[in-house]
Amino acid sequence: MAVITFKQAITDALREEMRRDEKIFMMGEDMGIYGGCFGITNGFLEEFGEERLMDTPIVESGFTSMAVGAAMAGYRPIVEYMFSDFVTIAMDALVNQAAKQRFMLGGQVKIPMVVRTPTGSGSGAAAQHSQSLEAWFCHVPGLKVIMPSTPYDAKGLLKAAIRDDNPVLFFEHKIGYSVKGEVPDDDYVIPIGKADVKRAGKDITIISYSYTLQKALKAAEMLEKDGIDAEVVDLRTLSPLDTQTIIESAKKTGRVLITHEGVQNYGVGAEVAGVIGDSEAFFYLDRPIKRFGGDFIPIPYSPELEAQVVPQVETIYEKAKELLK
Amino acid sequence: MKLSKETARDMLYKLYSARIFEERVNEMFMRGMIHGTTHLSVGQEGVAVGAIYATNKDDLMMSSHRGHSHCIAKEADVKKMMCELLGREPGFCKGMGGSMHIVDIESNNYGANGIIGPAIPIATGVALALKKDKENKIIIDFFGDGTSNTGVFHEALNMAQLWKLPIVYICENNQYGMSTSVEKTVSVPNIADRAVAYGMPGVVVDGNDVFAMMEAVGEAAERARRGDGPTLIEAKTYRWLGHSKSDKRAYRTREEEAEWKAKCPIMRFEQYMLKDGFKDDELKAIYKQAEDYMEEAVEYAMAAPIVSLDEAKSLVYA
Chain A
23 MAVITFKQAI TDALREEMRR DEKIFMMGED MGIYGGCFGI TNGFLEEFGE
73 ERLMDTPIVE SGFTSMAVGA AMAGYRPIVE YMFSDFVTIA MDALVNQAAK
123 QRFMLGGQVK IPMVVRTPTG SGSGAAAQHS QSLEAWFCHV PGLKVIMPST
173 PYDAKGLLKA AIRDDNPVLF FEHKIGYSVK GEVPDDDYVI PIGKADVKRA
223 GKDITIISYS YTLQKALKAA EMLEKDGIDA EVVDLRTLSP LDTQTIIESA
273 KKTGRVLITH EGVQNYGVGA EVAGVIGDSE AFFYLDRPIK RFGGDFIPIP
323 YSPELEAQVV PQVETIYEKA KELLK
Chain B
34 MKLSKETARD MLYKLYSARI FEERVNEMFM RGMIHGTTHL SVGQEGVAVG
84 AIYATNKDDL MMSSHRGHSH CIAKEADVKK MMCELLGREP GFCKGMGGSM
134 HIVDIESNNY GANGIIGPAI PIATGVALAL KKDKENKIII DFFGDGTSNT
184 GVFHEALNMA QLWKLPIVYI CENNQYGMST SVEKTVSVPN IADRAVAYGM
234 PGVVVDGNDV FAMMEAVGEA AERARRGDGP TLIEAKTYRW LGHSKSDKRA
284 YRTREEEAEW KAKCPIMRFE QYMLKDGFKD DELKAIYKQA EDYMEEAVEY
334 AMAAPIVSLD EAKSLVYA
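Sequence lines, in order, name chains A and B. Per the working numbering, residue 23 is the first one in the first sequence, and the count goes up by one each step. Per the working numbering, residue 34 is the first one in the second sequence, and the count goes up by one each step.
If you are wondering where the hints come from, they were derived from the structure by calculation, not from laboratory data. Take these hints with a grain of salt, some might be off.
In silico EDC-like links for lysine to aspartate or glutamate, alpha-carbon gap of 16 angstroms or less [unchecked claim]:
no., chain 1, residue 1, chain 2, residue 2
1, A, Lys216, A, Asp186
2, A, Lys132, B, Glu139
3, A, Lys45, B, Glu139
4, B, Lys167, A, Glu73
5, A, Lys273, A, Glu302
6, B, Lys165, A, Asp43
7, B, Lys165, A, Glu73
8, B, Lys197, A, Glu73
9, B, Lys197, A, Asp77
10, B, Lys296, B, Asp239
11, B, Lys167, B, Asp261
12, B, Lys35, B, Glu248
Partial selection, computed: residues in chain B whose CB lies under 8 angstroms from chain A [said to hold, decoys possible]:
no., residue
13, Lys127
14, Met129
15, Val136
16, Tyr143
17, Ile148
18, Pro154
19, Ile155
20, Thr157
21, Leu161
22, Ala162
23, Lys165
24, Glu188
25, Asn191
26, Leu348
27, Tyr350
Positions of the beta carbon are idealized from the N, C-alpha and C atoms, including for glycine.
Please model the entire structure based on the sequences and the hints provided.
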């Protein structure tokens, strides 16, 4: 077991998979000599060459559709967007093409492709480079959506995504790139669609994912000092959603706080709350389910305001305390 | 250009089949036998047949929402096409796609797209895969005049030329995007002129002349196969019927339609065959053969089952 950063885990997963399977290639902007906007593919050009690490023009729409075509024809493309906000440019390629080709063609093709992209706020990049748009894609049959919080999960889930025969969106929180954690030296894969109880507890369930999950764990430590035993559930995969783990935890604690950076309105938290409300866990609830997502506002540039519009350790702690009153 | 008797016969059969298929589908829509919508390619059959016969069977093809003729030229069984239009289980896509999504991967028909534009980069992505495969195959990509105005058309042509991909772009200029004429939507006299922007050859062809199509596509296909990159071919043709089933064609005159009908690609191909020594009766027999098989296809499709909802759901994910 080595302790590495989330960013290193992504790089390692990509390199190991590229070495394992010749059919995998990568497309994106400035991935070669530059190593990608966040340096994920530093050194890849030397090892894999231009044919497998393709620097594209700045055309997310065009090269994402090209990846769909290459996937139909037997390859396993991995596409990188510099920032997840640029999914808007490629929306047709993802929603109308990648997600639907297999179905519309009566199962004649597979679309084994991964779109991975840095996401989220906290870097002072303002409203067009800081969003969390993952919920959009959870609404589309045919896509899978993964959003890990730790280096261990990131590596195992990225490998699973690359080996999956379906289009997968893989969101990497750009502040979360520096999170450190233990990662096994040997090859491993984490199954898509399984949540993980990151901290077991009995008094309250905090459900989260991505970098907000790290904040939730710190909030749980603060709660512990107050004598409160919080359970923290990491969704890891948003679609397909692990409803069983959610329901079991809600039944166990009877108090549920769902927190994420994406805008709260119509967000992932609404779906998770719906899952609990639709299930027998409803009868175990001691308090109404509490959602705590991002404010309904574009991410402001001003650093003080940027921090205020998404959940933070202290505010997650406060919301949890309210539920325990 | 001189064709073998067998090839000429085969091509005429495809031309007739394409025409009869569209006429039959049109009639079935009028009579309420098919639901949804459809885009018919009557008058444009020469583009499809000429282009496909200029390439090899193991070359690939990608089509547009107006794609029935392309499929028939690329050996699609009209029985399975008719099943697809009727939403039946034996259809190419098990009835999940319908008129706009007839795809047959086995016969290298990578199919059609319901959205204007993205099929071009998808075909370009297939071309990227073909280049990686190094099996000397190419793909031809059919699309319409309106599609040449989309952003992804320009994005894809730029990348195809940058990476010298084995693809032939065939813009089927049928003069109208739904009701709007090319004069109102395209900023250059010829769509083929747009090739200049990407440093690739741009060729204007009479799309109603099967031989001219074969020649232009044949040359572009060889160029692509040699590794010299893509070509943009503009095939000038005409859509005889409306855009889709509800179109009254108020945006053009009957005289204009008559002018184009006089340039019918099938009639011109028949004239070649008669000059080549075929008898009128032989041509009529080929037509009858295509017509009879179409009737068989309709009967077969009408009686075919539909897939269960459970099976449909199982197709969403691999």
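Each hint, compared with the structure:
1. Distance restraint check for A/Lys216 and A/Asp186: the Cα-Cα separation of roughly 15 angstroms lies within the 16 angstroms cut-off, and the hinted pair is therefore satisfied.
2. Proximity of A/Lys132 to B/Glu139 is assessed by CA-CA distance (about 14 angstroms); at most 16 angstroms being required, the pair is judged to hold.
3. Of the supplied pair hints, the one linking A/Lys45 and B/Glu139 is violated, its CA atoms being roughly 21 angstroms apart against a limit of 16 angstroms.
4. The hinted pair formed by B/Lys167 and A/Glu73 meets the criterion: a straight-line CA distance of about 13 angstroms does not exceed 16 angstroms.
5. Using a Cα cut-off of 16 angstroms, the hinted pair A/Lys273 and A/Glu302 holds, with the two alpha carbons roughly 8 angstroms apart.
6. Proposed proximity of B/Lys165 and A/Asp43 is supported: the alpha carbons are some 14 angstroms apart, at most 16 angstroms.
7. A distance of roughly 8 angstroms separates the Cα atoms of B/Lys165 and A/Glu73; the hinted pair therefore holds under the 16 angstroms criterion.
8. Annotation: proposed proximity of B/Lys197 to A/Glu73 holds, straight-line Cα distance about 12 angstroms (limit 16 angstroms).
9. For the suggested pair B/Lys197 and A/Asp77, the alpha carbons sit about 15 angstroms apart, so the restraint of at most 16 angstroms is met.
10. Taking the CA atoms of B/Lys296 and B/Asp239, the gap is near 10 angstroms; set against the 16 angstroms cutoff, the hint holds.
11. A hinted pair counts as satisfied when its Cα atoms are at most 16 angstroms apart, and B/Lys167 with B/Asp261 qualifies at roughly 14 angstroms.
12. Our distance criterion of 16 angstroms between C-alpha atoms is met by B/Lys35 and B/Glu248, whose separation comes to about 11 angstroms.
13. Satisfaction of the interface hint for B/Lys127 is found here, the shortest Cβ-Cβ separation to chain A being roughly 4 angstroms, below the 8 angstroms cut-off.
14. Among the interface hints, the one on B/Met129 holds; its C-beta lies about 5 angstroms from the nearest C-beta in chain A, closer than the 8 angstroms criterion.
15. The interface hint given for B/Val136 holds, since its Cβ lies 5 angstroms from the closest Cβ of chain A, which is under the 8 angstroms cut-off.
16. Here the hint on B/Tyr143 is kept, as its CB sits about 7 angstroms from the closest CB of chain A, short of 8 angstroms.
17. Given the 8 angstroms rule on beta carbons, the hint for B/Ile148 holds: about 5 angstroms separates it from the nearest Cβ of chain A.
18. With a cut of 8 angstroms, the hint placing B/Pro154 at the interface with chain A holds, because the nearest CB-to-CB distance is about 3 angstroms.
19. Evaluation of the B/Ile155 hint against chain A yields a held restraint, the C-beta minimum of about 4 angstroms falling below 8 angstroms.
20. For B/Thr157, the shortest C-beta to C-beta distance to chain A is roughly 5 angstroms, which falls under 8 angstroms, so the interface hint holds.
21. For B/Leu161, the interface hint holds, since its Cβ comes within 8 angstroms of a Cβ in chain A; the closest pair sits about 5 angstroms apart.
22. With 8 angstroms as the threshold, the beta carbon of B/Ala162 comes within range of chain A, its nearest partner Cβ sitting at about 3 angstroms, so the hint holds.
23. Nearest Cβ of chain A to the Cβ of B/Lys165: about 7 angstroms, under the 8 angstroms cut. The hint holds.
24. Restraint check, B/Glu188 versus chain A: the minimum CB separation of about 3 angstroms is within 8 angstroms; hint holds.
25. Hint status for B/Asn191 relative to chain A: holds, with the closest Cβ pair at about 6 angstroms, below 8 angstroms.
26. Against a cut-off of 8 angstroms between C-beta atoms, the interface hint on B/Leu348 holds, since the closest Cβ of chain A lies about 5 angstroms away.
27. The interface hint given for B/Tyr350 holds, since its Cβ lies 5 angstroms from the closest Cβ of chain A, which is under the 8 angstroms cut-off.
The earlier numbered hint that this structure contradicts is number 3, and it is the only one.
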